[in-house]
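> Please build the complete structure, drawing on both the sequences and the hints.
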Amino acid sequence: MARGPAREENLRAPRRVAQTPPQPIMRVDGRRVLAFCGDDYLGLASHPLVVEALAAGAREWGAGAASPLFGHAVTTAHRALEEELAAFLGRERVVLFADRDLANHGAVGALCTTGDLVLADREANASLLDAARLSGAHPRRFLHADARSLRARLARASAAGAPGRTLVATDGVFGAGGDCAPLGALAAECAAAGALLMVDDGYGFGVLGERGQGSCERFGVGPEQVPVLSATFANALGTGGAFVAGDGPLIETIARCARAYRYGLAMPGAVAEAARVALGLLESQGWRRESALALSDRFRRGATRLGLRPGDATTPIQPLEVGDSARALAISEALFRTGILVPALTPPAVPRGTARLRVTLTAAHTTGQVDSLLSALEEVWEEPGEA
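0 is the number of the first residue of the sequence shown in numbering that gives the first Met the number 0; add one for each residue after it.
A portion of the hints provided could be inaccurate.
Derived CB-CB ranges, DEER-like [claimed, not checked]:
id	residue 1	residue 2	range
1	183	18	43 to 49 Å
2	78	183	32 to 38 Å
3	352	30	29 to 35 Å
4	289	323	32 to 38 Å
5	261	18	22 to 28 Å
6	91	191	23 to 29 Å
7	286	377	25 to 31 Å
8	114	374	54 to 60 Å
9	13	300	26 to 32 Å
10	247	338	47 to 53 Å
11	300	139	37 to 43 Å
12	247	374	49 to 55 Å
13	51	78	43 to 49 Å
14	83	18	42 to 48 Å
Treat the hints as calculated values from the structure; they're not laboratory data. Note that CB positions come from ideal geometry on N, CA and C, so glycine has one too.
Pasting the structure below:
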């Protein structure tokens with residue numbers, strides 16, 4: 000199969016192998032490195048209570064999930080997590096999936112069909128875009144984080160007399176850039192047009208908002224404005240699995256009609272037990288998200304002083320714009336040689352000409368480690384050598 004330029008660029012990125020769990024100090028490719036590459040924002044993936052809950056859950060429920068939950072009794076672990084998470088989010092119900100892709104495919108596929116319209120942010124995560132294509136609905140995109148572009152798309156659909164449902168899909172926080180969707184403005188456009196708004200908050204859940212409820216809490220939009228909310232547990236909770244939250248009838252529709260739920264394997268009970276403990280830590284230890292956000296701010300201010308281009312993201316995802324893919328990969332490799340792991344994002348993960356370093360900060364990092372990263376960036380940025 001012929002390879003396009005973007006595919007060729009992406010093939011140059013090295014595939015690292017980790018020999019230790021996700022944490023700030025790791026062993027990767029046989030080397031001890033300071034890692035700024037994971038999405039374990041609250042530092043819970045290796046927390047002793049979470050690890051023990053997973054182990055105890057495996058002893059109780061086994062290592063995996065033997066069958067789909069549809070048509071079978073849910074375990075008490077799944078039911079407890081559903082109820083506790085719904086209460087935390089202020090939603091009527093939650094349905095669990097094995098991963099983020101299945102959650103988004105399940106929700107969009109259950110809610111949309113032939114004749115419907117799915118309008119997705121141009122930089123929404125791949126699972127939302129793929130779900131829109133596979134649902135049978137008409138998939139369209141609006142400009143990134145642009146409520147006026149969404150308004151124009153909605154007006155065009157109305158003028159064309161679109162007969163079915165219109166679903167608007169967006170990330171709450173965008174994974175490649177760390178920027179936030181303007182949820183208040185998007186919700187207002189959806190309300191005016193009678194469209195359903197779905198937010199995948201995988202990068203905002205657990206981190207943003209006064210209680211850590213995520214992007215909706217941060218921007219003051221509730222279940223009425225955002226009827227469909229999804230997220231993964233893999234980031235803030237440091238475990239696995241995902242969920243879709245909404246009102247009772249909507250979640251019942253997803254549980255009955257989503258192929259990803261009916262025919263896919265369930266989230267393992269052991270993982271559900273670990274996620275319950277992680278959720279409790281999220282609620283009781285607010286200092287974790289405060290620390291992650293404070294370190295992100297420290298990094299952004301430091302990068303700005305160095306004359307780098309960190310953007311204006313106020314989340315734990317801090318991109319450094321490079322532009323040229325080869326140079327981004329060279330800087331990433333130069334950092335690795337100094338003992339610091341920061342991945343480079345190149346096409347097709349990002350648009351051509353927008354290659355970047357993707358720095359992620361967590362509650363497990365220290366101010367000294369952030370300062371070490373800044374010092375290393377200052378050293379290698381101008382002359383990184385060859386990747």
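> For each hint, tell me whether it holds in the structure or not.
Here is how each hint holds up against the structure:
1. 183 with 18: 43 to 49 Å: holds, 45 Å
2. 78 with 183: 32 to 38 Å: holds, 34 Å
3. 352 with 30: 29 to 35 Å: holds, 31 Å
4. 289 with 323: 32 to 38 Å: 36 Å Cβ-Cβ, so the 32 to 38 Å window holds.
5. 261 with 18: 22 to 28 Å: violated, 39 Å
6. 91 with 191: 23 to 29 Å: holds, 25 Å
7. 286 with 377: 25 to 31 Å: holds, 30 Å
8. 114 with 374: 54 to 60 Å: Since residue 114 and residue 374 have Cβ atoms about 57 Å apart, the given range 54 to 60 Å holds.
9. 13 with 300: 26 to 32 Å: Once the Cβ atoms are compared, 30 Å apart, the range 26 to 32 Å for residue 300 and residue 13 holds.
10. 247 with 338: 47 to 53 Å: holds, 52 Å
11. 300 with 139: 37 to 43 Å: holds, 38 Å
12. 247 with 374: 49 to 55 Å: Since residue 247 and residue 374 have Cβ atoms about 53 Å apart, the given range 49 to 55 Å holds.
13. 51 with 78: 43 to 49 Å: Between residue 51 and residue 78, where Cβ atoms are some 21 Å apart, the hint is violated.
14. 83 with 18: 42 to 48 Å: Once the Cβ atoms are compared, 34 Å apart, the range 42 to 48 Å for residue 18 and residue 83 is violated.
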